[in-house]
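Protein chains: 4
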Amino acid sequence: MGKLKVVTLGGGSSYTPELLDGFIKRHKELPVTEYWLVDVEAGKEKLESVGGLIQRMVKKAGINMTVHLTTQRRDALKDADFVTTQIRVGQLDARIQDEKIPLKYGVLGQETTGPGGFMKAQRTIPVLLDVCKDMEELCPDAWLINFTNPAGIVTEAIEKHSAIKSLGICSGANSMMMDVAKTYNVDRKSISARIMGLNHLIFADQIMLDGKDISADFFARLAEGTGNHTLKNVPDLGLPREFVKALNFYPLSYLKYFWLNREMVEKEIEEMNQGGTRGERSKAIEKQLFELYNDPALCEKPKALESRGGAWYSDTACSIISAIYNNKKEIHVVNTLNNGTTRDLPDASVIETNAVIDKQGAHPITYGPLPARVRGLIQSVKAFEELTVEAAVTGNYHTALLALASHPLVPSVIIAEKILNDYLAANRDFLPQFH
Amino acid sequence: MGKLKVVTLGGGSSYTPELLDGFIKRHKELPVTEYWLVDVEAGKEKLESVGGLIQRMVKKAGINMTVHLTTQRRDALKDADFVTTQIRVGQLDARIQDEKIPLKYGVLGQETTGPGGFMKAQRTIPVLLDVCKDMEELCPDAWLINFTNPAGIVTEAIEKHSAIKSLGICSGANSMMMDVAKTYNVDRKSISARIMGLNHLIFADQIMLDGKDISADFFARLAEGTGNHTLKNVPDLGLPREFVKALNFYPLSYLKYFWLNREMVEKEIEEMNQGGTRGERSKAIEKQLFELYNDPALCEKPKALESRGGAWYSDTACSIISAIYNNKKEIHVVNTLNNGTTRDLPDASVIETNAVIDKQGAHPITYGPLPARVRGLIQSVKAFEELTVEAAVTGNYHTALLALASHPLVPSVIIAEKILNDYLAANRDFLPQFH
Amino acid sequence: MGKLKVVTLGGGSSYTPELLDGFIKRHKELPVTEYWLVDVEAGKEKLESVGGLIQRMVKKAGINMTVHLTTQRRDALKDADFVTTQIRVGQLDARIQDEKIPLKYGVLGQETTGPGGFMKAQRTIPVLLDVCKDMEELCPDAWLINFTNPAGIVTEAIEKHSAIKSLGICSGANSMMMDVAKTYNVDRKSISARIMGLNHLIFADQIMLDGKDISADFFARLAEGTGNHTLKNVPDLGLPREFVKALNFYPLSYLKYFWLNREMVEKEIEEMNQGGTRGERSKAIEKQLFELYNDPALCEKPKALESRGGAWYSDTACSIISAIYNNKKEIHVVNTLNNGTTRDLPDASVIETNAVIDKQGAHPITYGPLPARVRGLIQSVKAFEELTVEAAVTGNYHTALLALASHPLVPSVIIAEKILNDYLAANRDFLPQFH
Amino acid sequence: MGKLKVVTLGGGSSYTPELLDGFIKRHKELPVTEYWLVDVEAGKEKLESVGGLIQRMVKKAGINMTVHLTTQRRDALKDADFVTTQIRVGQLDARIQDEKIPLKYGVLGQETTGPGGFMKAQRTIPVLLDVCKDMEELCPDAWLINFTNPAGIVTEAIEKHSAIKSLGICSGANSMMMDVAKTYNVDRKSISARIMGLNHLIFADQIMLDGKDISADFFARLAEGTGNHTLKNVPDLGLPREFVKALNFYPLSYLKYFWLNREMVEKEIEEMNQGGTRGERSKAIEKQLFELYNDPALCEKPKALESRGGAWYSDTACSIISAIYNNKKEIHVVNTLNNGTTRDLPDASVIETNAVIDKQGAHPITYGPLPARVRGLIQSVKAFEELTVEAAVTGNYHTALLALASHPLVPSVIIAEKILNDYLAANRDFLPQFH
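Protein chains in written order, with full-length UniProt numbering: chain A, 1 to 435; chain X, 1 to 435; chain B, 1 to 435; chain S, 1 to 435.
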């Protein structure tokens, strides 16, 4: 077995130990020989902290893997086989701004959906397209496995503006299937479903337990259990019971940002005023994590990491990388080009969908028309995403305004304009394309 | 020249004199010989009032046209050539409820867009499908020219559930072109444009003055004039200037319900609390109109009628009827089946679009893909419309809930459920399909 | 009224007097002030011959139009308003080769359909794309009205590889409608129909006489009259009666090359062996025409010209030019981009279809799906056309082979290869792109 | 493990021992407990002959499987889990007619492609739709695995006119992949490819050896080896080398009926005049096989059976049945509904394509647009197939004529009519729908 070089951009992220944990567990089938963690100058301290832990974990595992820490991206990318990204341009402080500015106007403050997702995309896309340019030169056959949010939008930018092979990854679908498995007290592997939509906007039907369709039963449990937690192990969607009955599919929990928009905005404002926004709380958690990481006695991923929900990310990412590496022809849910998978979205769109994964990448399974009850929402978010990508690439103010104005959670173009102006002012350093 | 029989359902509407005025003006090219006004028992008084005026107008015009008033719809439909509809199931009182119930929850109260359009469709579609059944028996070759709002949704129901030839009509596009004509101080006939969308959700580009493309100039004037009334004759969209610049097309003013949703809701609540909702004000105006109509000395349409904006309706309707009758092959904007006109909406959808009108009806002009900056909005409203039609035909509570929940102006499914329940309770008498 | 400059490329064609005749008749609505005839050096003699007649015709008509003859294309194109093309690269001798080579292998020898159309496209497309380049520089706003065969293929090349506004024109649809008019002894203007397909591969249904659908009656007459000439004035399709009944639409007579392929090939071989191919006979007719044209006493188009069937071309071309010039919004059948007019062909394809013609060009009328009974044929010819355009632009031997091999009238790829090799050898001087 | 009941309609076919051989080999993963062979009264002798062998084979294998022979279809279908079909309505004599009638007119005589496929479909579809009706009553959840040719057309009829779950199966793709494996001297399982088209009209690209793209190398070998057998193990397409180079994909050998039509017809006529048509030769082989089967000492499938090429059929069928039964999520090539897999064919079409097979059936992998060099051919055959299904279901003479006339290998509608009339006369007993 030869070299297998994996590079993680944003290697200083507190999630990295999760990812490494996945590589360690799978080392037999996915024998990573070189693991490079890359971060920017501003993240050097975190890189060294997390890097230290990584090195101790590898040592303890006793596997054949060298670990490299660097702020020189191009050194790392040279001849890489897989490049994973989990970057956060502007760090958590930028995220906190992304959340707070729309909340000021009574608009959702969330980092992947709504204005926050728009803003994160504006900062992130130029950086990742630069990465792609480097890859085209230094490792043109490598796979770019993109965890960076908003994963669907970012992957669409890469598909439209780069020749690098890429997939966008999210743990959402995996978590949904895990929740079904818990409901029936079976192994995750026994559960499968038809899954379709956009990143953070997917829904599942044709839910199977070992190939037997349990959809009707599961949807009935969903409706019965919703909003009152009385049913053990049934995921609680927090939606009105009659609405869940009407849906007749299983939505990702992120859909609540659309379906309970008014209530979620109220809740976010309350949280901001009390414990701080989600970003502020993450910052606190992260601080604690890095304290743990700095402990030279720690040589496995700490329990506390689970509180950030990273386990599924790691599992999703590693199993997809392994499916590519081993030409497994397994079905996974990924962000990839539509190309006719559903006719209700443009061909050049990136969708999140079931696809067969093999050495050549993702081969989506034909879906056909979307059901009307979720079609409009998905289509309107896709139009927003398309404009968001265009704005991020061109730096055109008007395109940016149209993007924000077309988001279904932005209640007026006057407010869109205010949010945009505040955002551009607050992110000046990260938006060369607009200046 | 033989018989030409026109029937107006909802003949007791205060708009009827406008329509007759159009028939009188065009009597040479469109020699209506029989004009039947039909209304329900509850509208008999208005029918007689407006019918009296109609008879006096015909007499004064000295044309060969007999006028018939009846509450027996089937008598009127027998051998009709054109049937126009302007019915209002539940009268203005139902409209006022449609407006007030959503406003209670801070949601748009408007009779064609948002929850109001949904509710009006639930009352209206069953009645119009009954009309179609009568027509299939009594005048299967007649044209149904539908003015009844929500015109696009109602026409989609007819296209999907009846074999009767029908077109949905709205004066919106005509008014837009008139506004362009005023801007350049030219005749309306000199102006044309590419127009696309859904009823009350259209936009125009490729604006031509005698075939010369004046789009860039007109859009610049729109942007300059907006929001400040300083430019004489330029339509004021009331939208932020940069947004108008970004749009690069000319939207129907109804788009403000989506683009200025928060502001419009606030304004409507204020109006409701002061002068009453639009429906309440219409009721007052109507009362005055009928007082005028009852004056036996009046034998032409009164000036006051213009305040309800009916002139364009009359012109739009009569010119389309004449284009059919005379096989004119003129281009008009109508509500008709998509059938591939734009791939971004389902084939079986009704769209509002430029179409060649001849004796065989509407032949839409190919449009291709919608621009992203309005595509998502149109697609999400279309999904709402599709569910609305299905709910009106099946009377299925869950479908109705999904319809309301999927409207882009409804901010949460919890609120959708409340509005629906209030609506169903308030409209019990008009919703046989739900009981 | 200002300047209106029209340029005819291939001005030395014997058809030019027809075209001029059309301009003279319409001089009031289409006041051509400058008419430039352009031809290549090799066609100078013909140019002068036909040019002389043109000048005498203009003089006799007493209209305000100057006539210019030149072999300097760029001089003519400068500031042109309309450019019409009727070029024949390689003259009639090349056509005769196009016909004879496939006949050698028992394959259709026809100049627009089958291998002949392929070969003519290879010679013609590079020249017309050069013309377009000149136009982009010298008259970027001019309309290119392309009569040059194969009109659909050539127009597709221009649409795909040039920014010049263009339409492809054929008299076929006009002749079909004239034949319907003759059947009912009415004016051509009373007849209209839905027409769809590709150039020389169209069919008509929804046939209207003053807006009344006479399709069923006309199709019955077609079936009754076919093959035996017994019905006066009914077009004889020469197809089996039951097949005509089955068709239930009205096909262009060119369809016989596909539906009677075996018989047509036999007939062509017989004709070749007796009176010569169609090209050889055209050459003889042309010789006679030029003798007439050289007569200084002739100052109108000679009767004999009609034997080449050019009258409909002239009428079709002039009425379309006038529809553009006068922003008429009339419906004409033209070759223009599909763009979704029918989903059964690629968007970037050129189709022949009903379109509204105004100052901005052609706006096709939405068609929807093609009927299965002609869909396959049209789709397979379109695939051939697409490959033919690509071969003409790239000069790629393999693409050319695939084009010929995919034509439904070529019975084997072995024969396709032989025809291609013979063609390339015989046309060496006209195919710079292949060398 | 409970009951697993498999029924084979046309059980008296000489192929049945192959199929059983497959079931025996896979008995661990696919434990068939009841195997029913059904045939019509006229096939009773063959049924008993082959049934005897089957029983001896099962006995020798020592597996837990009961074998039932019956001419009472409904008895067999009751509670079946899988129903396979390999019926031949009219036996081999009908096939021989199917071949000889078109050859009389110089048209391809082949049992699945061209007129022969049309005729076989007319006899077969009504019978299989009757089977489906029985299944809807007796085993509504069973899978219908259809081997009966023309497999694609027959499966389209079932998809359009029955609710039974069905897949059409053909060994072609499997054989192609085996040929690639032989070329590289690797195991069949190491090879995969993207495969698309219609039954007997598929092509492969993106050919992978353990996930590595070997397409360029393989296509080069194909071109080098073609027509001269000099390259060991490379499949010989018998096509001109330059054409194979131009193709840049790997076509099923059946494509030669289209690409070498003239040559194949000549060859078939020669064969008919010498050794007899393929059907006649099959009849002779079959006679020999049944003599072997009647030998009570034979208790395994005889070597001679391989000469009919059935091994791949058995393998294809059994592995697909096992993939369903065991919910394997493996990729197989099957005939199933398009539903958007490629936009170049109607949604309701059956295509032959890569699909993930699990307990719920086939989930095709998104393909997108077809390449132009094979698109036209596939589309024109699909239009023929669509008309063929419609004719078989309605028994409409005109539809049948349009179907035959639209086949790309039928050189004129006059000949189509002659073939159709001869066919209808010769098959009178098997075509209740036409009488």
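A hint or two may mislead.
Just so you know, same-sequence chains aren't split out, so a pair can sit in one copy or run between any two.
List of simulated lysine to any residue pairs, SDA-like, C-alpha gap at most 25 Å [what the hints assert, rightly or not]:
id, residue 1, residue 2
1, Lys418, Gly225
2, Lys133, Asp213
3, Lys160, Phe219
4, Lys165, Leu4
Please keep in mind that the hints were generated in silico from the structure rather than gathered at the bench.
Hint check:
1. Taking the closest pair of Cα atoms, lysine 418 and glycine 225 come within 25 Å of each other only across two copies (21 Å); inside a single copy the shortest separation is 40 Å, beyond that limit.
2. Proximity of lysine 133 to aspartate 213 under the C-alpha cut-off of 25 Å is restricted to the inter-copy arrangement: shortest distance 24 Å between copies versus 45 Å within a copy.
3. In the homo-oligomer, the alpha carbons of lysine 160 and phenylalanine 219 never lie at most 25 Å apart, since the shortest distance is 37 Å inside one protomer and 30 Å across protomers.
4. Proximity of lysine 165 and leucine 4 under a CA criterion of 25 Å is satisfied intra-copy only: 17 Å inside one chain copy versus 45 Å between copies.
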